[in-house]
Amino acid sequence: MDKRLNVSSSPHIRHGATTQKIMLNVIIALLPATLAGIYFFGARAALLIFVTVLASVGFEYLSRLVLKRNNTIGDLSAVVTGLLLALNLPPTLPIWMAVVGAFFAIVIVKQLFGGLGYNFVNPALAARAFLLVSFGSDMSKWTEPINRITALAAEAVSGTTSGATSGATVDVSTYATPLSILKDGGEPPSLLDMFLGQTGGSVGEVCALAIIIGGLYLIIKGVISWHIPVIYTGTVALMAWVLAPEGMFTGYALYHVLAGGLLLGAFFMATDYTTSPMTKKGTVIYALGCGLLTIVFRLYTGMPEGVSYAILLMNVATPLIDRLTRPRRFGGATHV
Amino acid sequence: MIFGGFRGGVNPPSSKNTMELATVRMDVPSKVVIPMNQHIGAPCQALVKKGDNVKVGQVIGNAGSYVSAPIHSSVSGTVTSIDERIISASKPIVCVEIKPDGLQELSEEVKPPSIDSRESFLNAIKASGLTGLGGAGFPTHVKLNPPEEVVVDLLLINAAECEPYITSDYRECMENSSNIIEGINHVLKWTGIPKAIIGVEDNKPKAIKKLSEVASSYDNITVCSLKSRYPQGAEKMLIQTLTGREVPSGKLPHDVGCLVMNVTSVAFVAQYIKTGLPLIKRRITVDGSCVVTPKNVEVLIGTPLQEVFDFCGGLIMDPGKVIMGGPMMGIALYSEELPVMKHTNAILAFDEKEGLIPEEGPCIRCARCVNVCPVNLLPFDIDRLVKANRIEDLNDHHAMDCIECGACVYICPAKRMLLQSIRLAKDATRRALQK
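Going down the list, the protein sequences come from chains A and B. Each residue of the first sequence is one higher than the last, beginning at 5 in my numbering. Each residue of the second sequence is one higher than the last, beginning at 1029 in my numbering.
Because the hints were derived from the structure by calculation, they are not lab data. Check the hints yourself; a few may be wrong.
[Stated by the list, open to error] Simulated restraints, written as ranges between beta carbons of each label pair:
no.: 1; chain 1: B; residue 1: 1460; chain 2: A; residue 2: 117; range: 43 to 49 Å
no.: 2; chain 1: B; residue 1: 1127; chain 2: A; residue 2: 73; range: 54 to 60 Å
no.: 3; chain 1: B; residue 1: 1116; chain 2: A; residue 2: 324; range: 39 to 45 Å
By construction, the Cβ of each residue, glycine as well, lies at the ideal position given by its N, Cα and C atoms.
Given the sequences, and given the hints that come with them, work out the whole structure.
Laid out in structure tokens, this is it:
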């Protein structure tokens, strides 16, 4: 017996999926929305994304070092958090504020509660909420996107490159998002513009097409199931139509789906493993709750947008949902 | 016929490399080590002592109680030692080591049993030493004799063989199909069960065809194709798929009118009734990345694994892990010197990389373990409570209902050893009950 054999509890084979691969898939799925954000908001958005991701990874590394725990930047979860946070910020937010946000997400919300898997709310969303109460005006200063779509159309007609596609200046003053226009009773942008991303908003939320492509990738790869995004957006669409301020059953269902952070939230934030329920039944309740709260915030409060708060509140309700939706064990009585 | 199958489950690569390799018989080994406990139930008392001469088929271990099965010598030769050894993760077991003389002289005890009643049938099965050959090792005569008050209306023959690598039951279907049908008829006749269903996973179409052909002349035997999904061959999952019946928690198949037998076990019944040769040999699949020539081998019980590996061309390199049984539910052994036992359906030698025990990461609450659990438990939560030593909070987590299929561990991206925690939870529950 010169060589010792490994012994362990069965099973002895494992599926290829790892936490790292799952995170990598989320990053890949976020690339279309990231690139769309850079496309519509220019180099400033790229800088914001880069710094936020870098700061998140840096804070992850440093906090683990200070807490004398193993280095976890390799699991890529800090990259995901940083990227999600950046995509939820206004394109021209001062860079240092984004760094503060990354600190709050990684150090306060994630690592101080025990690191990956132990945070009770989504770190990126919690950081966004934190920045919103801390730097209200900067966090709601929206930029007009570079005029890509009409420029492209013009280009197609004239056959020459117009100035707009090659780096037009970005107007930093104020620009209304579709939801704030809707709230103020104005004329919102066209559905096509919103679908393609030619509207105001956070870096990663404007281009519905890019978000849906990424979301479908996650579903196809088996990283998320369809339940949360479909039920969440479905609930918002239905309730927006039913509860329209102009009268029941007349609402802008599709506007509410395409506008604001709903799609980004439904595909990428509400589906966060750690802060969503463990059972299918619980997941349905959670997604319904996200949808209803989003509509309540959008229609009945002073805020134009409510996706972040809706998801954060349902994050907090997740342990309760889990407790109430315990599955019936095989061969067990019908009530647990 | 199919009732929608069971919930959850996983699809590991089937790796059934030895599927089309016909069984080859291995010669008498240089020694056999026969443990006196190869089944679920009371250990046997050794009936021989050092220096005794024994013959093939001679009873060398006496069933100590009702839930037990006698143990026979697989060789003729001389007993060289009787001592306690650690076989796998359990208490030391008395083992009889025999040096074969190579003559394989048959014991006078070996003769076909005369069966004329249910009682004589059950006695014959007990005398044959048969225990579940699918891996569980439950004494068959006990299984065939459910309490009087229950009505069993279905015999289910488990040929699902859902574990990766293993093809020994498949080879039984291909090479021994007439014995399977004959065995089923014996069991039906003497237990009074009206009909039988053979369940085979649909990744073995040839076996389904073969069995359907031989079963076609019997109205009361049907062959059913099952969707290939692990753990389809788990007793409770098989019953649910084939009948829609759900075995209540803590109860047995006969409580829902079913009797489940492994396909090789039922074929053995026919063979034993014809020849009277007790359970002294069996077919095992020898595979894994370290084995030079994977094979299906008929070996004598008690043969040291090392000699079986040598028969298969030896090992390419020092293995990282040696597994008795399949990769999902098999037991990792600490030595290649351990013997083949009655319930050994495969031995696998994994290389160093495959044998590595992955490092556990934190649970990310992805819910994969919850989604794949065929008995609807919350593996992540049991793991969390066990790791936090909160045993008293485990009560409503039903760890005892776990069938130990390992699907949760297989699927876990954080590589957590959930089943190990559940086993600890079971152990703690049993201890608490004993107090």
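- Range hint compliance [Cβ, residue 1127(B) to residue 73(A), 54 to 60 Å]: holds, 57 Å
- Item | Range agreement (Cβ of residue 324(A) with Cβ of residue 1116(B), hint 39 to 45 Å) | holds, 43 Å
- Distance restraint evaluation - residue 1460(B), residue 117(A), Cβ atoms, bounds 43 to 49 Å: 32 Å Cβ-Cβ, so the 43 to 49 Å window is violated.
Of the hints listed earlier, the one the structure fails to meet is number 1.
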